[in-house]
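Q: These protein sequence lines map, in sequence, to chains A and B.
Residue numbers 27 to 547, in the working numbering, belong to the letters of the first sequence in order.
Residue numbers 43 to 889, in the working numbering, belong to the letters of the second sequence in order.
Derived by calculation from the structure, the hints in this document are not laboratory data.
There could be a bad hint or two in this list.
Here chain A is said to cover these stretches of chain B; the calculated rule only asks that three of the stretch's residues, wherever they fall, bring their Cβ under 8 Å from a Cβ of chain A [what the hints assert, rightly or not]:
| no. | segment |
| --- | --- |
| 1 | 278-285 |
| 2 | 336-343 |
| 3 | 346-356 |
| 4 | 515-522 |
| 5 | 829-843 |
The following label-pair restraints were derived from C-beta to C-beta distances [unchecked claim]:
| no. | chain 1 | residue 1 | chain 2 | residue 2 | range |
| --- | --- | --- | --- | --- | --- |
| 6 | A | ARG182 | B | THR804 | 31 to 37 Å |
| 7 | A | ALA467 | B | ILE165 | 42 to 48 Å |
| 8 | A | GLU540 | B | ASN178 | 19 to 25 Å |
| 9 | B | THR551 | A | VAL179 | 33 to 39 Å |
| 10 | B | ALA799 | A | GLU531 | 39 to 45 Å |
The calculated lysine-lysine pairs, modelled on DSSO-like cross-linking and capped at a C-alpha distance of 27 Å, are [as the list claims (entries may be wrong)]:
| no. | chain 1 | residue 1 | chain 2 | residue 2 |
| --- | --- | --- | --- | --- |
| 11 | A | LYS336 | B | LYS557 |
| 12 | B | LYS759 | A | LYS336 |
| 13 | B | LYS635 | A | LYS532 |
| 14 | A | LYS474 | A | LYS396 |
| 15 | A | LYS532 | B | LYS557 |
| 16 | B | LYS557 | A | LYS493 |
| 17 | B | LYS635 | B | LYS665 |
| 18 | B | LYS455 | B | LYS759 |
For clarity, every value in this text was computed on a predicted model and none was experimentally measured.
We treat Cβ as the ideally placed atom computed from N, Cα and C, and that holds for glycine.
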Amino acid sequence: MIAGYTPACMLLKVLVSYPAGMDIKPLRFLHRGQALELKNVPPTRTLLQLIREDLHLTGTKEGCNEGDCGACVVMLREPGDAHCKAVNSCIRFAHSIEGQELITVEDVSTGGQLHPAQEALVQCHGSQCGFCTPGFVMSMVALHENSRLSGEVIDRAAAQVALSGNLCRCTGYRPILDAAVKMQSLSKDEHSAQVIRRPDAQKAYKISDELATGAYLLPTQLSELLFLRSQHPKAQIVAGCTDVGLWVNKGHQEFAQVLDITRVAELRRIERHDQDQDQNLDGAHHIAIGAAVTLHEAYSALVKDRPQLKTFSERFAGLSIRNSGTLGGNVANGSPIGDSMPLLIALRASVVLMSVRANQQWSREMPLEKLYTGYRKNVIEADEILAWIKVPLPVANEFSRIYKISKRFDDDISAVCVAVSAERDGDTIKALSIGAGGVAATPMRAIKTEALCAYSMPASGLFSSIKTSLQAEFQPISDMRASSAYRRELLSALVDRFESDWRGEKLVSLESWESLAEVLA
Amino acid sequence: MTNAVAPTPTPTPTPVRAESFDKLRTGSVEATSALRQAQDERDNFSLASSAGSSVAHESARAQVQGAVRYVDDIPELQGTLHAAPVMSRVAHGRIRSLGFSAALSMPGVRGIVNAQDIPGDPIFAAFGRDEPIFANEMVQYVGNVLALVVADDVVIARRAARLVQADIEALPAILTTQEAMAQNHFVLPPVHVARGDAQAALQIAPHRLQGSLSVGGQEHFYLEGQVAYAQPQEMGQWLILSSTQHPGEVQHWVSHALGLNLHDVRVETRRMGGGFGGKETQAGHLAVWSALAALKFGAPVKLRLDRDDDFMITGKRHPFDCDYEVGFDDSGLLSGLKVTMRVNCGFSADLSGPVADRAIFHLDNAYFLEHVAISSYRLKTHTQSHTAFRGFGGPQGMIVIETIMGDIARHLKIDALQVRRINLYDAAEATTGVLNGVRSELISLTSSSATKLNEINSALTPFKTEHANQLARNTTHYGMKVEDNILHPLLSKLEHSTQYTRRRETINTWNTQQKHFKRGISITPVKFGISFTATLFNQAGALVHVYTDGSVQINHGGTEMGQGLHTKVAQIVAHELGIPFELVRATASDTSKIPNASATAASAGTDLNGRAAQFAARSVRDKLAAYVSGLDQCGAGAISFKNGEVISPTQSREWKTVVGMAYANRIQLWSDGFYATPKIHYDKATLTGRPFYYFAYGAACTEIIIDTRTGESRILKVDILHDAGRSINPAIDIGQIEGAFVQGMGWLTTEQLVWNAQGTLTTHAPSTYKIPATGCIPEHFNVELWGEANREDNVFGSKAVGEPPFMLAISVWEAYRDAIFSAGGDLSRLNAPCTTENVLRCLRELS
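When you get a sec, could you build the whole thing from the sequences and use the hints?
A: Here you go:
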């Protein structure tokens with residue numbers, strides 16, 4: 027292990043901002059082909075602070091300090107995996123990169139030779155003030171490198187998705203999108219291989235057992251996680267940290283101890299249960315998504331089974347957030363405006379909570395909506411972990427849709443989100459489930475409205491009563507995103523849209539550019 | 043009143059239009075190329091040199107490597123402390139006490155800074171002298187800074203700042219323009235501008251419409267937040283590293299607060315991570331605060347605002363509430379107009395006076411307002427003090443008249459472009475087609491290029507006079523003659539290239555077939571006045587240093603915020619010296635190099651500083667030419683500077699060689715340059731004069747679609763034809779046009795500032811305040827430059843481009859109104875921005 031940097035300033039910071047007594051394990055990661063070891067990094071120090079203030083690499087910028095602008099985007103790679111993940115460094119804890127490779131904007135050009143992403147940005151005049159540029163560069167480099175691995179050609183749509191978490195205020199984006207599309211043509215394989223150093227397998231190391239103690243707990247096995255939770259019920263649990271990071275940066279909360287679940291091998295898995303013995307709460311086949319699975323991976327799995335969710339999945343935050351945040355975190359956090367829950371509720375998903383009590387592993391499973399008891403309150407006990415989300419596989423006659431209304435299509439929080447899943451038999455609805463967000467203090471199942479469809483009913487007569495019922499069922503509030511009246515109107519409008527979808531109308535919403543192809547022709 | 047106005051001078055919307063368009067265009071091209079040729083020779087430009095080419099931004103290669111430094115990236119001096127603001131949570135109130143004990147007891151906290159620590163004037167040196175540096179007795183908005191906490195670390199400072207206990211007796215707060223009007227609550231006195239008799243014109247007008255319109259403000263959202271780093275120097279002097287558009291003003295504010303002479307304070311700005319007007323005055327606050335903290339603790343102090351705090355503390359684009367009453371005839375020709383503008387200025391005057399003035403100046407946009415009366419109320423509310431933002435009131439003025447144009451067309455059931463066209467100011471001479479032949483002929487007959495323009499102009503004088511008598515629709519309501527209007531041919535060209543008429547019909551048909559979706563389309567023009575309306579600011583200085591190896595360093599009073607000013611100025615200097623662009627390096631703006639520089643604002647950065655640098659470069663060039671002419675026994679006028687060579691009739695020498703020889707012969711290799719914009723004057727008392735040197739023009743065609751069930755929308759297609767004069771750098775100019783358009787589009791669509799009933803801004807971060815993202819941009823987004831040289835003598839024949847294209851986005855607004863109208867919506871309910879909810883409010887009763 028090479029102690030690359032041990033900045034003196036950090037010792038001071040530990041003294042002033044961190045309670046004595048808690049053992050802080052050294053943070054080790056790969057950077058520029060070297061294994062670095064940093065001591066005394068407080069558990070809630072962000073990766074961006076580490077990069078800018080401790081490593082003195084000021085190319086990475088702080089634009090908003092809440093994961094919304096992307097100026098802080100860096101790349102991470104896991105040992106033995108060449109895939110690059112562009113992530114927001116501002117709301118991620120430094121210790122979360124333990125054992126991973128960190129790549130910042132300073133690292134992607136060598137000897138004055140620019141990476142194709144950088145070269146393309148220069149050629150296309152994609153930087154003006156330049157402050158957002160490092161973040162764009164890193165999102166583009168990740169896209170470039172991952173496309174090289176997959177052999178995919180980068181088109182405008184792919185570029186747009188890859189850059190959905192990066193804001194620019196100067197250019198209006200056209201030259202940046204042009205550059206993203208152009209960069210492959212500037213790419214030479216040997217150049218890229220040289221520029222982006224492959225992680226040296228010899229230097230990649232396993233997370234040592236000692237990280238199962240101390241201020242930043244990083245267990246690697248489920249049993250270990252459950253044990254640690256039972257021992258440290260007050261430790262702040264984090265996964266992708268895309269919300270907890272804000273509690274620290276904006277709410278100025280401090281946590282003496284953090285329990286990071288993202289390395290738990292079992293919880294990083296997506297398991298497919300499509301055999302008869304693998305049945306969910308509702309008796310359906312399902313996929314089980316571990317709590318450490320990122321939003322990007324989780325939604326990829328959901329989209330595989332339900333292709334109609336693709337556009338919605340790309341509207342969930344920006345890619346750099348989806349690369350960090352987890353589905354489990356979104357669910358456990360239980361924000362009333364979180365977008366996963368209406369969908370999961372409509373799909374009749376359940377959650378599995380696990381714990382260790384008296385040396386015995388316990389688990390309980392419940393429908394997702396039963397998790398919540400009030401605004402950001404839930405039934406999870408102090409020693410429990412939300413471990414799995416089980417999503418039933420689609421049945422042959424399932425007709426499900428999700429609609430999200432926000433001020434901006436991409437990377438915005440819903441004013442209202444409505445998911446409807448129906449069992450369809452011709453023009454008859456045999457069963458109906460509806461999840462709604464932005465209409466109450468928690469994500470909701472529309473129980474009363476669903477009851478309208480206790481029996482098989484012809485759809486044509488049903489929609490107007492669904493509208494009326496939904497509007498009666500919820501009393502949304504007014505806030506900066508929308509008024510209560512507008513939200514109520516949307517409940518009806520989105521049922522109306524569902525009806526259009528049901529009838530197979532061609533243009534149903536404006537959310538995807540593909541659906542507008544005819545209009546644009 | 044009878045309609046004494048001459049019949050419309052513009053082509054009518056019939057097939058004739060295409061013909062006349064061609065004629066106009068051809069005429070214009072001829073005149074343009076001839077004018078260009080003349081100007082080329084006069085300026086010793088050669089097209090092969092760097093000015094006029096799309097060289098990359100001077101920092102681009104470093105920017106993409108993360109290798110450029112913004113203030114927060116500059117290595118910190120030992121002992122640097124960090125400050126964080128303590129903010130009021132009450133919109134209006136009396137401070138009873140501030141409890142600092144909890145904050146002071148936090149480890150790492152050094153102390154607090156408040157009004158008692160100010161050696162100079164406790165009021166900021168802002169124009170209005172109405173902003174206390176720290177709220178002392180009263181708080182005037184949520185976010186008002188009460189004090190600073192200074193600590194070893196920025197996070198500690200921010201945490202401690204939140205522990206300060208502010209006991210504030212809440213008083214009734216005025217949060218809307220309506221409340222402020224009712225209570226005569228002003229930051230500045232109202233201004234009334236009138237020409238003709240609007241009331242009489244309205245009374246006899248065949249048609250009359252009334253309406254009102256609320257236009258929201260806008261957060262700048264520069265990606266780099268506000269930051270200043272104050273470093274005490276020896277002998278009571280100061281170095282302030284500031285992210286500012288106006289180092290000179292920061293210098294002024296800091297010295298004023300510290301009770302020092304200006305010569306004791308040096309301000310340096312290498313670049314900003316975006317400005318957009320938000321760092322014109324607002325950077326001064328940060329600089330003063332950090333300097334006061336540095337003074338108190340005898341240490342360098344950095345103050346960098348967290349994004350949310352930046353939203354809460356700093357001013358934004360002014361929200362406007364406007365009422366209008368307009369009279370017009372059957373063709374849509376305006377006869378009378380009355381407009382009341384209620385300007386939400388926030389708690390202090392800041393730049394609200396000139397912003398509100400510019401809204402008055404640009405109420406006409408491109409149209410002749412014969413009988414007009416405008417009342418502008420500069421209202422004080424208990425919110426952030428609104429400030430400069432790209433367009434500087436222009437957008438808020440223009441959107442009113444463009445809304446009116448659209449309303450007239452909808453009222454008369456005729457096409458809006460036709461209404462816009464007949465109301466335009468008269469075409470400039472060269473585009474009328476009448477004078478082109480004369481002008482071209484004169485140019486071809488005249489041999490000496492140096493005197494060409496003068497001769498042409500004097501030869502044209504009788505024609506000009508005659509022309510003016512024929513068509514009087516060319517004087518603005520503030521008495522300035524519009525002499526350079528190119529909108530007639532420009533609009534025609536855009537109309538044709540976008541197939542506007544055909545698309546209009548297609549859309550109408552499509553709309554009748556769709557129940558849940560409607561499309562809208564609109565073409566709107568822009569005419570934007572270039573110059574600071576305060577005439578004195580229209581001056582600039584520059585330095586050009588040539589070193590003995592032939593490399594060149596330039597410095598000027600402008601600042602770089604991404605707009606490419608340093609690139610353009612370097613291009614101009616390289617051009618003048620006939621050397622490669624790479625030999626010229628721009629350096630940080632620095633009050634010790636160019637004193638008393640104006641803000642980099644009003645789009646005038648290149649016009650002013652580029653010209654000053656051009657003069658400085660010419661001065662060096664003249665010295666070198668004199669030297670070489672002595673060597674080669676020729677006149678200095680025979681020496682030319684091209685392609686890295688200095689060429690006399692007898693010999694060519696390398697630039698570098700000449701520089702070395704000149705140095706050895708004790709020739710001065712550096713010079714200053716100074717420029718003051720000619721022709722402009724403006725009388726603040728009568729509100730008349732020629733405040734602008736020239737106008738920049740443009741037009742945009744935007745097509746949008748709305749979902750009538752949810753109010754969602756998409757911008758489908760955008761085509762822009764914009765006048766950047768003869769572009770010094772087309773890529774940079776197109777970048778400005780696209781960026782400005784998208785920023786304007788954000789202002790009118792997704793960017794909504796929401797203050798709650800307590801006066802707290804609740805959209806204070808990008809999670810709640812939504813600027814356009816990559817997915818908002820249509821693939822069909824075309825920008826073309828109108829390549830005609832500036833008719834006024836401006837550097838390289840270029841035109842200013844920073845602000846004018848922002849207002850092209852008003853075409854987005856009008857396209858929304860078009861679509862909502864097609865959906866049978868009630869447009870009187872539409873306020874900007876066109877959020878999903880605001881759109882749906884026009885279509886449904888939301889209760």
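Q: Has the given pair, A/LYS474 with A/LYS396, been kept, meaning a C-alpha gap of at most 27 Å?
A: holds, 15 Å
Q: Three or more residues of the segment 278-285 of chain B near chain A by CB distance under 8 Å?
A: Our answer is that it is violated, as 0 residues pass the Cβ test (under 8 Å) against chain A, missing three.
Q: Within a Cα-Cα threshold of 27 Å, do B/LYS635 and A/LYS532 meet the stated pairing?
A: violated, 64 Å
Q: Given a hint of 31 to 37 Å, does the C-beta separation of A/ARG182 and B/THR804 actually sit inside it?
A: holds, 35 Å
Q: Just tell me: holds or violated, for the beta carbon distance of A/ALA467 and B/ILE165 against 42 to 48 Å?
A: Since A/ALA467 and B/ILE165 have Cβ atoms about 46 Å apart, the given range 42 to 48 Å holds.
Q: Is the hinted pair B/LYS455 and B/LYS759 satisfied, with a Cα-Cα distance of at most 27 Å?
A: holds, 24 Å
Q: Lying within 33 to 39 Å: is that true of the beta-carbon distance B/THR551 to A/VAL179?
A: Distance hint for B/THR551, A/VAL179 holds at roughly 37 Å.
Q: Given as covered by chain A, does the segment 346-356 of chain B meet the bar of three residues or more with CB within less than 8 Å?
A: Held - the segment 346-356 of chain B has 3 residues with a Cβ nearer than 8 Å to chain A, which meets the minimum of three.
Q: Mind checking the alpha carbons of B/LYS759 and A/LYS336 for me, to see if they're no more than 27 Å apart?
A: Holds, because 24 Å separates the two Cα atoms, which is no more than 27 Å.
Q: With a C-beta cutoff of 8 Å, work out whether three or more residues of the segment 829-843 of chain B approach chain A closely enough for the coverage to hold.
A: n = 0 at 8 Å, threshold three: violated.
Q: Verify the coverage statement for the segment 515-522 of chain B against chain A, using a C-beta to C-beta distance below 8 Å and requiring 3 or more qualifying residues.
A: violated (count 0)
Q: Starting from the hint 39 to 45 Å, judge whether the C-beta atoms of B/ALA799 and A/GLU531 obey it.
A: holds, 41 Å
Of the hints listed earlier, those the structure fails to meet are numbers 1, 2, 4, 5, 8 and 13, in rising order.
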